[in-house]
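**Q** Residues per chain, in single letters:
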Amino acid sequence: MKTIVVIGNGMVGYKFCEKFVTKEGHENYKIIVFGEEPRPAYDRVHLSEFFENQDAKALEMAPRSWYEENNIQLITDTRITDIHRGKKTITSVSEEEFPYDYLVLATGSSAFVPPIKGVEKEGVFVYRTIEDLERMLSYAAKIKENNPNARAAVLGGGLLGLEAGKAVMDMGLEPHIVEFASKLMPRQLDLRSSQVLQLKLESIGLNIHLSKATNQILGDDGFITGMEFGEDDKLDVEMLIISAGIRPRDELGKTCDLEMGVRGGIVVNNKMQTSDQNIFAIGEVALYNHMIYGLVAPGYDMAEIAASQILGQSDVLMPDEIDMSTKLKLIGVDVASFGEPFMPASKGHSIIFENKTQHLYKRINVSLDGKSLLGGILVGDAADYNMLHQIYLNGMAIPEDPAQLILPASEGGASFGDVSDLPDEAQVCSCESVTKGQICSVIENGDATDVAGVVSCTKAGTGCGGCKPMVTDLTNSTLKALGIEVKEGVCEHFDLSRQDLYKIIQVKGYTNFNEVLDNHGNGGHGCELCKPLVASLMATINADTANKEYAIQDSNDRFLANIQRNGTYSVVPRVPGGEITPDKLIALGQIAKKYDLYTKVTGGVRIDLFGATLQQLPLIWKELISHGFESGHAYGKSLRTVKTCVGSTWCRYGMDESVSFGIELENRYRGIRAPHKIKGGVSGCIRECAEARGKDFGLIAVEGGWNLYLGGNGGANPRHAELFAEQIDNETVIKYLDRYLMFYMRTAKPLQRTAAWQERLEGGLDYLKEVIIEDKLGIAEDLDNEMQTLVNKFECEWTQAVNDPEMMKRFNHFINSDEEDDNLVFIPMREQKMPKAW
Amino acid sequence: MDSILENYKTVQVKSVKVWFKVASVNDFPTDGGACVKYKDKQIAVYNFKRTNSWYACQNLCPHKLEMVLSRGMIGDQGGIPKVACPMHKKTFSLETGENLNGDLGAIATYPVKIENNIVYIGFSE
Ligand code: SRM
Ligand SMILES: Cc1cc2nc3c(=O)[nH]c(=O)nc-3n(C[C@H](O)[C@H](O)[C@H](O)COP(=O)(O)OP(=O)(O)OC[C@H]3O[C@@H](n4cnc5c(N)ncnc54)[C@H](O)[C@@H]3O)c2cc1C
Ligand code: SF4
Ligand code: FES
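Protein chains in written order, with our numbering: chain E, 1 to 838; chain A, 839 to 963.
Quick caveat, the hints were computed from the structure, so don't treat them as lab data. Hints may be right or wrong, so weigh each one.
[As the list claims (entries may be wrong)] Stretches of chain A that chain E covers, calculated by requiring three or more beta carbons in the stretch to come under 8 Å of a beta carbon on chain E: (1) 854-865; (2) 881-894; (3) 901-909; (4) 923-936; (5) 943-949.
[Stated by the list, open to error] Each pair of labels, with its calculated beta carbon distance range: (6) A:Trp857 x E:Leu824: 28 to 38 Å; (7) E:Asn147 x A:Lys859: 34 to 44 Å; (8) A:Glu933 x E:Asn355: 48 to 58 Å; (9) E:Pro718 x A:Lys859: 54 to 64 Å; (10) A:Trp857 x E:Glu24: 49 to 59 Å; (11) A:Trp857 x E:Pro38: 36 to 46 Å.
[As the list claims (entries may be wrong)] Where chain A lies over chain E, by a calculated footprint (3+ residues, C-beta under 8 Å): (12) 541-553; (13) 558-566.
Each residue gets a CB set at the ideal place from its N, CA and C atoms; glycine is no exception.
Take these sequences, add in the hints, and give me the full structure.
**A** Set out below in structure tokens:
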């Protein structure tokens, strides 16, 4: 048995182990891994998530038990200090000696700290390890105690610097970015895109200082107080994070005389071998083609090559050209660059689309003959990245007018590029090197029958996750091509679609979950997917409230309130149309005060009271109900609000009484349960102050009646509602809306908003008009009656609950004690309170 | 922060020292859960009426360390009884405590017995 010693248990060192143990012949080798950090390898790429939850375990690449299960000896908290190439051993910091047959150096890199005067002061940090983050957090907490408005700067406006800027924001400090170059992300972005990015970042509160060379770090008593750029050019800061590049941790290579790069890094060939053929170097310490690759994907490729080489597969070699394309979400802003992002005019043409008001920039570089894509940059919206990257990587043909690749798709026009056009060798998941061919073949030979199966067979999508949408499309199109029906079953317990279940429950007249499960399920006991779905269908078909069978309701419906970050709840009474009397406002204020609830006006123009414990919910609601309030169903997949503008009641431009009509509609549809939430809007004129076109249904008063718009959406994929009918009267609006909503409730998929449903409806808006206006399916009367039944049977579920002692029992934190949850901690904020951060 | 997690360790039937009397079977929701207080611990207890089985586990979700698991929906995955956390729907086996849809650490589970229609949970201390 031969021994492989891996020095460095970072992302790439770990990946080497993972790859090695799945390969044939690995049983003949013993692996010992040394890591200097106290814990097993973790996901450095997502290091910033540590600020959100301080959960180091969640970042682990694999738990310690994984190493044991795979017979890998993992020794953490131990730095290796020497390599003795002659006798093929290494020694650790505690002078222990270990022999090796093969040595793999995966020591990564460290943050480069430029030799500026004063960098040694307290309050200056680098951003590389979990320990760095822990130190920053405790320092930030300390300075914030003295000065709640404390500032922190990041030195370096590159990719990592901007991540660090986000971290500074998350720590509640005023963020400043100081960059030496005249633009942000100088390696990835051209000047214009970097200006667009800068505008966007400034709009969310980042202060950016370009073309600044830092002369010294100022401070008293050894603590940083500021940075000095020129004589009169200073920035007061109490903390500094240095992010000025990386330096390979190549010290072991130097001391044992391996061939080194002029500016550092251990030189490797395309087998990942160093100048000693038994010693390999991979990841950020390896200098390949005169380059250190500061990204994880090339590191993973190197791990693959080294593992294969050691196992004797001598033909597995590193390609000459390494793809450095990247896509990231920086502080919520998409940024991507691929291929050659900047290109001299002599090599090709650039097509640029820029919209500064929306912080959007797209550039693609096309060869002189207009036939191939050479590279590009996307800022603000990188939805097209996956497809463009594939076109670039695979040298696929591009449209005659390449602008089509980046221009917003015109309505109805098909967007260019479909996954099925990709060649088999196209790499869909670059983190795990999974090709299109591999994905298709696990489906074709029956190993996987859905997306989850493909992910577990191929590991595609388990890295950064950016390729998930593509993997899903590819899976579905492959299944379809094989003539396999894409599984519509709602979960493992039912092979039926929501629409099938709807019909079955309606026809058979089922009234509880177990009946449906026993008669139509697959023999299991239900889960968090099918239970709330059946609950929703029962509510639509039988007009049940969520009190009827509360254990199958989604947790928010079960307690008739939205669960918040710390396990407390929010209380949102209905305020139809946003109209509220002063007395009711006062009542809300008094109740909020009495129960010490955080109070806020919501984006749905009503008032949300946060921080109620389970026990308090019924008490609060009792008081609200006595003041004439009722449930606002903010927790349900049901009607939320109908937002109105003040309309002709007060407004000098108003064409109709938008408030009165909004209230009528909100009261009509309150309480109905649907596949997803429903929102409405009513505006008194085309100035559209109620944002009605951003809602599931919207009305705008015009000369001669209302214009009715359907299928709008805010959220992650905003979409304007489409004009369905013009100049219709109130009665017709209600008739159309009844039918529209009922038809949606009958046929949509689980958790599909009207916008997504309408978009995928075959025949589109014209078909909807045929069904709703012309009654082509002959169901209009049924739809009318079903909706009218729901409207007639409405009951406020909170009133039901507080009047029934049996139902009230549900709202106790403990079943065997009246005490409250003792785990709750609130902290003060702007004269109110909030939950302690995760 | 992790210390609160340390408070919960799986108890096997053979190491039970105290059978803590909780409440009557009828106080529990059918096919749902409730939370029990035992000393400084919060334990989620579930009544699987469909299979006539009972399970107990820590009320603390290891994802964000909130005391919420008793309020989650229950069901099964391939026959394994499980609970879905109401916060972000991480699911846990109620037999082994294992996280079924992710790689969070396992949650602690506790034995439950029913005698004369009364629910008891087993603790080792
Ligand atoms: C409270 C509120 C934010 C605020 O402080 O203003 C809010 C808070 C939440 N929103 Fe919202 N949304 C609120 C207005 C909106 C709006 C604005 C509006 O209604 O005009 C939108 C965009 C319009 C739209 O829905 O199309 C909005 C789009 C979303 C989405 C994205 C929906 C989509 O189709 O993509 C989600 C996620 C989801 O539902 O799956 C969401 C989900 C949530 C959840 C339920 C997240 C969660 O699961 O905990 C938040 C719960 C709050 C609570 O406990 O009450 N919220 N949310 C607003 C409550 C309005 C109300 O009075 O009921
Ligand atoms: C905040 C941040 C965000 C990032 N974001 C991205 C991104 O979005 N996309 C991307 O592709 N890349 C990103 N990266 C870069 C990515 O993390 C690295 O490319 C990757 O971690 C390199 O892996 P590695 O194993 O070579 O080095 P490392 O992960 O640094 O691991 C090396 C390990 O070896 C240990 N070690 C060093 N010397 C010794 C010794 N003598 N004895 C024992 N142990 C030793 C170190 O302590 C360390 O644990 C990011 C990096 C950071 C810090
Ligand atoms: S946008 Fe909505 S879902 Fe997101 S944090 Fe704000 S309230 Fe929550
Ligand atoms: S807190 Fe339980 S899943 Fe997030």
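**Q** Confirm or reject each hint.
**A** These are the hints, each one checked on the structure:
Counting residues of the stretch 854-865 of chain A whose CB lies closer than 8 Å to any CB of chain E gives 3, which reaches the minimum of 3, so the coverage claim holds. Remark: the stretch 881-894 of chain A is confirmed as covered by chain E, as 4 of its residues place a Cβ nearer than 8 Å to a Cβ of that chain, reaching the required three. Coverage of a stretch by a chain is defined here by at least three residues with a beta carbon nearer than 8 Å to that chain's beta carbons; for the stretch 901-909 of chain A and chain E the count is 7, and the condition holds. Only when three residues or more bring their CB closer than 8 Å to a CB of chain E does the claim for the stretch 923-936 of chain A stand; here the count is 4, and the claim holds.
Using a Cβ-Cβ cut-off of 8 Å, 1 residues of the stretch 943-949 of chain A lie near chain E, which falls short of the minimum of three, so the contact claim is violated. Distance hint for Trp857 of chain A and Leu824 of chain E: a CB-CB separation of about 29 Å, consistent with the stated range 28 to 38 Å. A hinted range of 34 to 44 Å is violated for the C-beta pair Asn147 of chain E and Lys859 of chain A, which are about 54 Å apart. Judged by the Cβ atoms, the range 48 to 58 Å given for Glu933 of chain A and Asn355 of chain E holds: they are separated by roughly 55 Å.
With their beta carbons about 55 Å apart, Pro718 of chain E and Lys859 of chain A fall inside the hinted range of 54 to 64 Å. Take Trp857 of chain A and Glu24 of chain E: their Cβ atoms lie about 52 Å apart, and the range 49 to 59 Å holds. Taking 36 to 46 Å as the suggested C-beta distance range, the pair Trp857 of chain A and Pro38 of chain E conforms, at roughly 40 Å. By the rule of at least three residues with a Cβ nearer than 8 Å to a Cβ of chain A, the coverage given for the stretch 541-553 of chain E holds, with 3 such residues.
Under a criterion of three residues with beta carbons nearer than 8 Å to beta carbons of chain A, the stated coverage of the stretch 558-566 of chain E is upheld, 5 such residues being counted.
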